[in-house]
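Quick mapping for you: the protein sequence lines, in order, are chains F and X.
Numbered per the working numbering, the first sequence finishes at 288, counting up by one with no gaps.
Numbered per the working numbering, the second sequence finishes at 572, counting up by one with no gaps.
Because the hints were derived from the structure by calculation, they are not lab data.
Any given hint might turn out to be false.
What the hints assert, rightly or not - Label pairs and their calculated CB-CB ranges:
hint	chain 1	residue 1	chain 2	residue 2	range
1	F	V161	X	R561	49 to 59 Å
2	X	A380	F	R266	41 to 51 Å
3	F	R108	X	P327	31 to 41 Å
4	F	G189	X	G312	36 to 46 Å
5	X	G312	F	A106	13 to 23 Å
On a predicted model such as this, the values are computed, not experimentally measured, just so you know.
Think of the CB as a built atom: it goes at the ideal place given N, C-alpha and C, for glycine as much as any other residue.
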Amino acid sequence: MRNRFGLPMLGYGVGLRTVHFADHLERPGAADFVEAITENFLDTGGRPLHVLERLAERTPVVLHGVSMNVGSVDPLDLGYLRAVKALARRVDARWVTDHLCWTGVAGRNTHDLLPLPRNEETLAHVAARLRVVQDLLERPVHLENPSTYLELASSTMGEAVFLGRLADLSGCGLLVDVNNVFVSAFNHGWDAEAWIDAIPADRVVQVHLAGHTDLGTHLLDTHSDHVRDEVWALYARLVRRTGPVTTLVEWDEEIPALDVVLAEARKARAVAEAALGDRDGHSEREAA
Amino acid sequence: MTSAGLPLATFQEWMQAVIVHPGGVDAGLRSLSARQILPASRLGAVVRAHGALSPVERLGIYASMYPLRTVEALRSDYPALASLLGEERFGALVQEYVAAHPSTSFTLARLGDRLPSFVAAWGPKRGQGLRADVARLERAAAAVFDAADVALLDAPALAAALASEGESLRLLAAPAFAILAVRPSAVAVLDAVLDDAPVPTSAGRGLVYVAFHRRDFTVLRRALDPVSGRLLAALVSGFPLGEALARAARRRPPARVVSGWLAEWSALGAFARAGVAPGPSAAS
Chain F
1 MRNRFGLPML GYGVGLRTVH FADHLERPGA ADFVEAITEN FLDTGGRPLH VLERLAERTP
61 VVLHGVSMNV GSVDPLDLGY LRAVKALARR VDARWVTDHL CWTGVAGRNT HDLLPLPRNE
121 ETLAHVAARL RVVQDLLERP VHLENPSTYL ELASSTMGEA VFLGRLADLS GCGLLVDVNN
181 VFVSAFNHGW DAEAWIDAIP ADRVVQVHLA GHTDLGTHLL DTHSDHVRDE VWALYARLVR
241 RTGPVTTLVE WDEEIPALDV VLAEARKARA VAEAALGDRD GHSEREAA
Chain X
289 MTSAGLPLAT FQEWMQAVIV HPGGVDAGLR SLSARQILPA SRLGAVVRAH GALSPVERLG
349 IYASMYPLRT VEALRSDYPA LASLLGEERF GALVQEYVAA HPSTSFTLAR LGDRLPSFVA
409 AWGPKRGQGL RADVARLERA AAAVFDAADV ALLDAPALAA ALASEGESLR LLAAPAFAIL
469 AVRPSAVAVL DAVLDDAPVP TSAGRGLVYV AFHRRDFTVL RRALDPVSGR LLAALVSGFP
529 LGEALARAAR RRPPARVVSG WLAEWSALGA FARAGVAPGP SAAS
């Protein structure tokens, strides 16, 4: 299945991190694509932007934001959105993503991906704002499920259902962070496989994979390690529903050499191909 | 309040008040701004209990991330100041600073913009000047790193402008250039952090001029003697050359020396090519 937006499968990429700038410049094309944290390139005319522009000449770039604040009751930051639009044009970003969350109110930014109650009020609020954002950016925006550490009593629907309805109402696509599905499922007692099965597959434009930290009482989304086996299994389950899907490995703490992250991206390719081989082989056997 | 929780706007106001409280989650829950919305005893009506963690502990995860994130961001921007103060005092500084100047930008890179002026009045009077100078140096370096890349005034163009304008010449500072006067020991602190050497703590006497410039997107530092430093600082503040020279020294340096300095500074990338230089800034 291809996503309904007709957006291409970019392959298996890695998050662009400062410590890897020189490696990326020396080895353009080492990753199928790179994902840049939007905010790190909005307010600089220095080396970060220079590196991203050079990379964009050879490698597809997608932009991933953390400050759209789409779930907040504060007014949308139009200056920020205009800057995102300009950057997306400048580096020919294939698409723009952010998170289903709020980051602050009353003009403040906590720089955290804070949880939202999943109910009709929030759904209408976020969908309306997303429509404005997409009009301003003149392109669909794709929202990611964040890792969460608390559940609100006022939530009336599951996260996958909420995201699906939000996509229908706003026209947005989805970035499924499979590690976040696993982390939130553990933290709240959700069924992670049911989450994967409930997400509308044709809305999924991109997938994130990362490692997390097990603190015993809860899991923390630290992006500090290899992808766990359970997350690989969920990824395979998702890919069997979506078909080949643009997949990115994130690593943000204790960042290893680029080759280690690239190896994780190659593993994602192998897992996806094996999952699709299983699915197609199964379908062929059924047809026979 | 609805039976199952708070309206979205009220919930967000409450949760932010709790998690950014400098005293931690318990103090945040007891704070007036949070209590006015939700008594701590009613927390269970808003946050679901599940598994090993209580609702307070779940809120505490977000509350604990906030100081960690702000300290990490400011330590990244001010590593020398952090070394000078030590881990504990730097953490205390950040907590007070962020309470006074919370982030209002989409990027954490702007969080520390007002730290140099804040630290100038923070903590014991002894050492305030040194701490402020270290912070100013680090802020200037960061600003030069992130500044826009613009066309620069090269030496031939500068010489032509000098020949044409004489002492009326005004120069426009390049965005990726900064010069400031600081205590010598502030520079020593920066060097010590770069060299992983013990950090000096005495303020020292007098002032030295330090310029930050950028080459191939790398920030470089250059020390200047007092006369040339004062002259360059006056020029990039917008004073015309004649007035800048008068501010720099009682006895004017020879014209060929000044020409040499100007050529050297243009090679550093001190001056932008385009635009009309504004008049002197209020800070000059």
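Here is how each hint holds up against the structure:
no.: 1; hint: F:V161 to X:R561: 49 to 59 Å; in the structure: holds (58 Å)
no.: 2; hint: X:A380 to F:R266: 41 to 51 Å; in the structure: holds (46 Å)
no.: 3; hint: F:R108 to X:P327: 31 to 41 Å; in the structure: violated (23 Å)
no.: 4; hint: F:G189 to X:G312: 36 to 46 Å; in the structure: violated (26 Å)
no.: 5; hint: X:G312 to F:A106: 13 to 23 Å; in the structure: holds (20 Å)
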